[in-house]
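With chain A held as given, fit chain B onto it using these hints.
If you're matching them up, the sequences are chains A and B in order. Just so you know, we're using numbering that gives the first Met the number 0 here: the first sequence kicks off at 0 and counts up by one. Just so you know, we're using numbering that gives the first Met the number 0 here: the second sequence kicks off at 0 and counts up by one.
It is possible that part of the hints are untrue.
What the hints assert, rightly or not - Derived, one-sided and incomplete: chain B residues facing chain A with beta-carbon distance under 10 Å:
id, residue
1, D44
2, E76
3, S78
4, F111
5, L116
Unchecked claim - Simulated restraints, written as ranges between beta carbons of each label pair:
id, chain 1, residue 1, chain 2, residue 2, range
6, B, K45, A, L347, 51 to 57 Å
7, A, Q416, B, V140, 54 to 60 Å
8, A, Q467, B, K113, 38 to 44 Å
9, A, N461, B, L110, 23 to 29 Å
10, B, K113, A, L347, 42 to 48 Å
11, B, R244, A, Q467, 37 to 43 Å
12, B, K45, A, K408, 56 to 62 Å
13, B, L102, A, V424, 30 to 36 Å
14, A, V424, B, Y214, 36 to 42 Å
15, A, N461, B, L299, 46 to 52 Å
Think of the hints as simulated: they come from the structure by calculation, not from any bench. Note that beta-carbon positions come from the ideal geometry of N, C-alpha and C, so glycine has one too.
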Amino acid sequence: MKAIISLILLLVFFQFSTAQNKEIESTADIKSVTIYNSSAEINYAKEITVPQGKSIITFTDLTPYIVDNTINISTSNPDIDIITVTEKINYTKERKEQNTKIVSLRDSIIIIDKEIGLLKCKTEALGMEKDLLFKGESIGGVAKGVAVSEIEKASAFFSKRYYELTSELFNLSEKEKSLQNEMFKYNNQIRELSSNTSKASSEIQVTVLNPTPQKVLFNFKFLTAKGGWAPAYDCKYQGAGKPLKFIFRANVFNASGINWENIDIKLSTASPTKGFDKPSINNKKSNESIPRTNEDGVKFKEIEVSNTIAEYDIKHKYSIPSDSKPYLIDVAAYDINADYNYLLIPILDPFGFLIAKIPDWNKYNLIPGTTNIYNKGSYMGKTFLDTYTENDTLSLYLGKDNNIQSVRKENSSSNEQNIIGNYYVEKAEINITIKNNSSEKLSIQVLDQVPVFEDYEKVKFNIQNIEQALFNKNEGSLTWNFQLAQNESKAIDYRYDIKSPKNDISDYRPMKRKYRSISCPSF
Amino acid sequence: MSFKHLTVLLLVIMVYVNAAKCQVYNYTPIIHNDIETNPSLLASDKMNNRIQLYHQNSFSSLNTFSYSSLKLSKYFEPSFLGIGLSINNTSMGNSISYNHIGLGAGYRNVLFNKIYLKLGATYKIINTNSPYGSFDYFLFVPSAPTSYRKFNDGLNLALSFSSASDRYYVSMNLLNPDLPWHKTNIDIQFPTYYVLNVGNAMRFFDGDLNSELSYSGFGKYSAFKNKMTYSHYINIKLNTQLTRRSSFQYGSRLGFAENDYFHFLPFITYYNSKLALSLSYNFHLSKIKFTPKYISTTSLNLIYIL
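Excised from the complex, chain A in its bound form (with noise of 0.2 Å):
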């Protein structure tokens, strides 16, 4: 009597935890996801019923790359207590195929198999047909003679048929390339497509305690290493006296495995990802990560920024595939004054580059990155922003214009022939025309250079007529500053002499002089 009583309690308890852990499966919707450098976090809300007691509730469909401890997960109702929640990878459930275009392709691909199964059919019947077609050729039998009028039909029987079913078989065979030509792109297609998207999913498991039966707006959120932006901006220049038009743009892509689809996207300059070890000074070991360079076909390089973190919250809302390429989308766009003049290197190059000079850049807080230039609607070209800068103003190329040109001739000459002398002597006359063609004035900064010698003791460097400009004699460089009005030239003469001592006759060289390597925005 025992044994049945214990037996019904077991039975019961049994029956009441059952009923105390109830499962419950859902897939979450993504509502925003804040972007860094080289990570993301992905923010899902979903509402559930969930009923009294002990509930465990699975959100599926999850990117198989979250980074560990970094899920966080919060509901609308403080009552319900969040006991446990562990992520796991499902490598057996088939993930719901997101990607529309490959779904679409793959049905193309199924109805091009069909259309080639036909024609192989049609072609092995044709070919029966033409093998069966010159198996009995001896027209009436051997032994009686056949009219020669009957033997002329039956040629042109043979004939016509032949080719008829020759030209058929052509046909059918050119199509069935062009088919195979079509399935072949489409294939191509959805490995482009998918190359990013896993068949593996993530899955996380919510155990809650909830006091009474409601329905509960769950928030949860993560990390992935498989997202990430970069900067691209673009400057436009509108003209002398115009503020300098800057339009920040973001560059992001998506490789988690999941479409992020019509989202709120907020980018940052954060690096979330770096660990959760306590800052330190000393140990610079801790901070230091290992550089990342090409993933899933993102080429990753590593810029400097500084320690101000920068957020920008996206106006609209975006979709960006899970397929790593990259998906521009604005950011802000500024009017920026800045003070504008022309450097003309006319021993490098005869026409100026347009340098903006921009104060308080710092207030913009913008990182390095890739930025497109533009000369009054004009694409100049592309040129890194680094905005890593030692000081608040910020010097800006924005390209050539060869509207501002120069000419720069040199002649210089040499005692290189004479018999005797203790000196090699050479003169040099440099003259430069600066002309404005364009229809403002302008402020135009000149730069050209002398040489440089080790030893100012033994070489005797002598120039002249240089009141008007910087020099710097360790440098070698010569600065003029000045303005010119439209249409207007200028014209810079000046000279030099070099006595050097011929005092390695053995090794002599002429030109003993050195040049100083500088550097001049490539466009």
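Same frame as chain A, but now just chain B:
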């Protein structure tokens, strides 16, 4: 007091200790690398801040002979000019001696951007402690043995063509030419030398500039004898590197002099970038019987670069 100052002081003291009391060349300095016989060498950065102390002695009580010299030189890079000072004393026997102070200068220029052309001159004031007569190699022949202590003067002239580092050189020297104000036949007579130095042939063998194979030849005209004699020397110097900065050098001058005797000057030298110390022996063998012709001498040569 620094080491440099101490060295200078020591050298000056040594000159006086050697009884700085000079003009017939005992043939040892007749070589390209001597600033007195080849003052054109002064126009070389190798001669900058250089002190040379030389002493030669017969160490014989019967035939006493000593020759001491102190030579100082400095090169001025910006003007390509070098100057030098030499103080010499030569003593023969117990009563005959002469000494002189020579002040030299050298200037260089460059020909065809390839060849160093150097010019040099040394003017000498000579104080003789001898009767009137003629000085010769290890010899003095008196002509009027009545008067002692007479001042005289002389001149050495030089012209050389060389590479920057003397990988090749040709130098021509004229020593003791008759000066217009000299009285002939009644004064102190010194021979006139016409010198030719050609080197360095060792560059064709191993290219080591510390080794040398050169030729020195000179004609000696004695006005007293009204005779010209010729001497020819081959100078051989080999170098053995001891450390990166120091080496051991050895060799000899091998000569046939005045169509009369063979002259040998073997030497060994310790050499580093600042200092050279050399010991040499000087002896002569008659061409007929290979018997000693003149007295033998031993020489110590110290060169220091400040």
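Results of checking the hints against the structure:
For D44/B, the shortest C-beta to C-beta distance to chain A is roughly 8 Å, which falls under 10 Å, so the interface hint holds. Taken as an interface hint, E76/B checks out: its beta carbon lies about 7 Å from the nearest beta carbon of chain A, inside 10 Å. Interface restraint check: S78/B against chain A, minimum CB-CB distance 9 Å, threshold 10 Å, status holds. Proximity of F111/B to chain A holds as hinted, the smallest CB-CB distance being about 6 Å (cut-off 10 Å).
Proximity of L116/B to chain A holds as hinted, the smallest CB-CB distance being about 7 Å (cut-off 10 Å). Judged by the Cβ atoms, the range 51 to 57 Å given for K45/B and L347/A is violated: they are separated by roughly 44 Å. Our hint of 54 to 60 Å for Q416/A and V140/B holds, since their Cβ atoms are close to 56 Å apart. A hinted range of 38 to 44 Å holds for the C-beta pair Q467/A and K113/B, which are about 42 Å apart.
Take N461/A and L110/B: their Cβ atoms lie about 26 Å apart, and the range 23 to 29 Å holds. Checked against the hint of 42 to 48 Å, the pair K113/B and L347/A fails, with Cβ atoms roughly 35 Å apart. A beta carbon spacing of about 53 Å between R244/B and Q467/A contradicts the range 37 to 43 Å that was offered as a hint. At about 44 Å, the CB distance of K45/B to K408/A disagrees with the hint of 56 to 62 Å.
Between L102/B and V424/A the beta carbon distance is about 32 Å. The supplied range of 30 to 36 Å therefore holds. Checked against the given bound of 36 to 42 Å, the beta carbons of V424/A and Y214/B, roughly 37 Å apart, stay inside it. Taking 46 to 52 Å as the suggested C-beta distance range, the pair N461/A and L299/B conforms, at roughly 50 Å.
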